[in-house]
Amino acid sequence: RCFFPPRPSAKVVPEFSAIGIDAGACPAGPRPCDAPSGQSFADLEEAATECPLESSSSKPATISDKDSRSATPETRMSGSEAAACDVGPQDAIAKYPVDEGNFAIELRRGSPREHWGLVWDSRVLEQRSERVLEKVVAGSPADAWNRAHPGSEVMPGDLLVKVNGRQGRMETLSVELSRSHVVCEFRRAEPRQPQ
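Under the working numbering, the first residue of the sequence shown is numbered -18, with each subsequent residue one higher.
A couple of the hints might just be wrong.
Claimed, not checked - Here are the in silico distance ranges between beta carbons for each label pair:
(1) Lys76 to Ala129: 17 to 27 Å
(2) Ala75 to Glu107: 33 to 43 Å
(3) Asn83 to Ser110: 13 to 23 Å
It is worth saying that the hints were derived from the structure and are not from the lab. Since this is a predicted model, take the numbers as computed values, not measurements. Note that beta-carbon positions come from the ideal geometry of N, C-alpha and C, so glycine has one too.
Construct the entire structure; sequences and hints are all you get.
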């Protein structure tokens, strides 16, 4: 553990001293023990002020107060809809290669208690230990995905093949489905017409 005296250049700021805090006792910035070997403290302080990721032309993206107030209830999304559309489908789906003829959906939920909205055919589940979709629950993350991605909807009869790139036993898929963010790969029950 390193203990350092106040820097000689640190000044006590009157606003801090009025509430009993000595600003000079805890100056901000790197300490000599933070410097990698071979680097001086002055070099470290100078490097700390430079950010290689920022340029003079970079500005943070903002939304004006006017724009945020103009959002109508029709343009706002529910938590499930926002969670389902949080990241573009190609971002997370690209992590898990999808077998030819299959398709993938990406779902997010606010908490583990929120259901995905995928109802499995219990007879097929019991007889063949496969998850075949029976229906999608309205208002669920799966429903939000379907509405946001026409042509890539998950529909009754589709077979769950992988979750987050993992396949195999029911227990393996169950563990993956317990997460708050999943990419589910399905095999279509029947070919769909392109839209």
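Sort out which numbered hints this structure fails and list those numbers smallest first. Violated hints: none at all, because every hint is consistent with the structure.
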